[in-house]
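Protein chains in written order, with the numbering used here: chain A, 25 to 361; chain B, 424 to 712; chain C, 286 to 622.
It is possible that some hints are incorrect.
As the list claims (entries may be wrong) - Think about it this way: if two alpha-carbon atoms lie no more than 30 Å apart in a straight line, the pair counts; the simulated DSSO-like pairs of lysine-lysine are: (1) 447(C) - 380(C); (2) 114(A) - 157(A); (3) 154(A) - 114(A); (4) 61(A) - 309(C); (5) 114(A) - 100(A); (6) 100(A) - 61(A); (7) 601(B) - 380(C); (8) 600(C) - 309(C); (9) 114(A) - 61(A); (10) 564(C) - 601(B); (11) 447(C) - 601(B).
Derived by calculation from the structure, the hints in this document are not laboratory data.
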Amino acid sequence: MANPQQETVLELRHLRTEFGSRQHPLVAVDDVSFAVKAGEILGLVGESGSGKSITLRSILGIVRPRGRVGGEILWKGRDLAALDEAALRKVRGREIAMIFQEPMSSLNPLLTVGLQISENLVAHTGLDAKARKARAIELLEMVGIPSARDRLGDYPHEFSGGMRQRVMIAIALASNPQLLLADEPTTALDVTIQDQILRLIQSLSRDLGMAVILVTHDMGVVAQTCDRVAVMYGGRLCEVGTTSQVIADARHPYALGLLRSIPRDVAPRTPLYSIPGAPPALNALPLGCAFTTRCPVAGPECRDLRPPLETVGQFHEVACHHRVEALAHFRQQEAAQ
Amino acid sequence: MSVVTQIQPHRPGRFRVFIGRAFSRPSFVIGFTIIVMSIALALFPQIFAPYDPLAFDMTAIQQAPSLAHPFGTDNFGRDVLSRVIWAYRVDMQMALFATIFALTIGVTVGAFVGYYGGIADTIFGRCVDAIITFPFLVLVIAIVAVLGPGLVNMYIAITIVNWVYYARLTRAEIMTQKANDYAAAGRVLGYSDRRIIFRHLLPNAMSPIIVYWMTDMALAILLGSSLGYLGLGAQPPAAEWGVLISEGRNFLLTAWWMSLMPGLAIVLTGLGFSLLGDALADLLRPKGR
Amino acid sequence: MNMLTMEPAAPLLSIRDLSMRFAKNRSLSDTIAGRPRQIVSALNGVDLDVMPAETLGIVGESGCGKSTLARCIAGLHRPSSGDIRFEGESVIGLKGANRRAYNRRVQMMFQDPYTSLNPRMTVRDTLREAISVHRMREGAAIDRRIDELLDLVRLPEGAADKYPHEFSGGQRQRIGIARALSLEPTCLVADELVSALDVSVQAQVVNLLLELQDNLGLTVLFVAHDLRLVRHVSHRVAVIYLGAIVEVGPSEALFSRPRHPYSQALLAAAPSLDPADRKRAPALSGELPSPLDIPPGCPFHVRCPHAAERCRIEKPMLRPVGAGMAACHFAETISAA
């Protein structure tokens, strides 16, 4: 659990990212606000098109120039949304690092791993060549690569998928970042390897006091790794809370439905709860709540009136007009089974 | 992608949608117009040509372009415009016949070797290597030289060389399509290989082949005219652009129109095929993910 | 076959000692150096029985051979050795009419909703082709059957004359199910049927599959890497590691008390939805060995925490342990611990 005394390192206020023409923009992220504390792992959960990855990419401005980022991204007293490319580049990779789903495509296949780490060390630290090599070995050992000294001269293709993700993390850690942005870092990996990488991220966050924003679609990954969770749907936040609050006591009908649709404590081969319909297209979002068309408790006002995030408990916020009905609906569902 | 949830009362046919998209594109409109006009000229030159292309007129030798003879006349007093128009018949025929057999043979061979792979594919690969190491034109000229000059022999020569390019392209496309699960689904559904190749894979592989065919027809006209110019293709007095240019080459300084006008016809037709091919490349790209 | 004389225990499909080896293409430098072709062993002696009307789950990590096994059963791959018997008849290398007859009984559904349908054919074309090639119906009855099938998989009215790109991922998987069902098969092979879908949509498709199976008495091979889903839908489960079955048994028994150390690790690594289950150390260290170079003895010994000298030398056979079978020399002592 995040220590409430820890300082907030990043705060998003009314983040909005849109693409396409200004007259008919596709709003991928709409009015998203949250904060991350040092040493905390925040999960950003949602399905395809929910805007979770775009939110992450907006923080570092890598959606630009195709995307337009609005709102405030407060990082140590500065607003990243207002910085230009040159100023942002100094923040990227140094204070805030990022790792991706597919490590192979984010590593340069023609350079050895050692060179790629020391490249990052040259850019962000004042170490000399000898110290860089020592540091590179130290970093590889830190992320759990066996016989690190011998592997500095290896190329990315000589590593397995899980090892490549470790190398990516080592490169990201080279500059001692205070925030790590992880975009589905384990989705392409097998469960046993995913487990290893998640445990690694967890221990690094704890030992280095590094904040992590972990984007994932897997509630299990959230439950096992994150301190707090923000659930996104249709580019908007629908529920924010501590992991145990959201998983054990979800209030938003989408979060409730999503958790019910994962088989757990249900009799085998009985019908699972399923959310009707499919995730919405970004160009067909209603003015009000994005979940309206699939929601079992939606009322007439949901389509036109956007529900604000409201506090329902300490750290726990939900954006829904019909929280009480939603909870009652799902309790009833459960009782019926 | 929740398109399906919206009920669409009237769905225009796939063909009408395609035509609508096509004609909103300038490159398609221009290319299409040029080619349709070229085909019309090729089919009915007698309607469009003001004079008999073979009739000598000794009173009007090498006249510069004028109202009576917009493209001028040649050294026998024949109307150059009429000869250029009649030449459409031969040159459009070349565009078609020099490519269509290569297309048919190449696509069939390419589809089979791409689908089956293995030893047939290896043999095919060697054949391709052997043929494409020769410069295209030199090889065609060599074959024509053996067979003797003339249009039919020229078609045979071009087809012998050209099918390889279609086969190579088709093979690659089929191999890409074959990796898709709908091909595997066809096999699990117990479909014959022929059905999978011709009903499933080939329709999905055809777009780039058709686009290549368009540019190849432009190239075929260039090649045919070159051979005509060299005296290996169409034979005088038949009107053919290459032959016409060749006839005018001795009078370039005194009667430049004799060579320039057929040259422009080649450029225009080539442009038409290229624009059409370009537009089709965009239009035929499959929608969705 | 007469229903009265049929033994209740006669398997629908019985797979014996099935092996599948692919020769890897040699690179030019390997050819010049005269290095031999590398052999990928995708399957190494799989023994498996599939009972009529059961759902058999097949789980394992990527590259373990579970998809290869599914494709061998569907007749897409010809195994290098071993036998697959369907109702007692060998189905290896069937050709022409025999193959068609077999595939009418055994159908397959694919993972990728975007490439498993021919993009240039409407749903009606796709279904009509399958129905008419197998002469399942004639004339006007074909269109009635198409309507019936679309109704069966709950596709909206008017879906028949649309093209695949007009559907969402979940709907495309339903089309794939309808196509398989059009031949009225006995057995369905579902290769990662829902893993490309969003979680909220997965439940819809899983429910449909369960319902169809009960109504039509289908036998289903459910190949997947999502352990929760496999547990939910399967009667029995087989765990594959490096192309061999390490454990097979009734679903609840296997999931509540796995006998093979690999099954145990796989279950422990799967992220639980309960944040209280959180652990600090990974469930299993090390990586999946390359199928180019399978370790001698027990294939799992290099990662197994319980490995002894015997495991390095002698390959354990599948043998009855508890309610199922496990391929481990020490299954009894390990699972007792």
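Outcome of the hint check:
Distance hint between residue 447(C) and residue 380(C) is unfulfilled; the C-alpha atoms sit about 33 Å from each other, more than 30 Å. For the given pair, residue 114(A) sits about 23 Å from residue 157(A) by alpha-carbon distance, which is consistent with the 30 Å threshold. The hinted pair formed by residue 154(A) and residue 114(A) meets the criterion: a straight-line CA distance of about 24 Å does not exceed 30 Å. A hinted pair counts as satisfied when its Cα atoms are at most 30 Å apart, and residue 61(A) with residue 309(C) does not qualify at roughly 50 Å.
The hinted pair formed by residue 114(A) and residue 100(A) meets the criterion: a straight-line CA distance of about 14 Å does not exceed 30 Å. Note on residue 100(A) and residue 61(A): the hinted pairing holds, with a Cα-Cα distance of about 11 Å set against a maximum of 30 Å. Distance restraint check for residue 601(B) and residue 380(C): the Cα-Cα separation of roughly 20 Å lies within the 30 Å cut-off, and the hinted pair is therefore satisfied. Our distance criterion of 30 Å between C-alpha atoms is met by residue 600(C) and residue 309(C), whose separation comes to about 25 Å.
Proximity of residue 114(A) to residue 61(A) is assessed by CA-CA distance (about 21 Å); at most 30 Å being required, the pair is judged to hold. Distance restraint check for residue 564(C) and residue 601(B): the Cα-Cα separation of roughly 45 Å exceeds the 30 Å cut-off, and the hinted pair is therefore not satisfied. A hinted pair counts as satisfied when its Cα atoms are at most 30 Å apart, and residue 447(C) with residue 601(B) qualifies at roughly 23 Å.
Violated hints, listed in ascending order, are 1, 4 and 10; each of the other numbered hints is respected by the structure.
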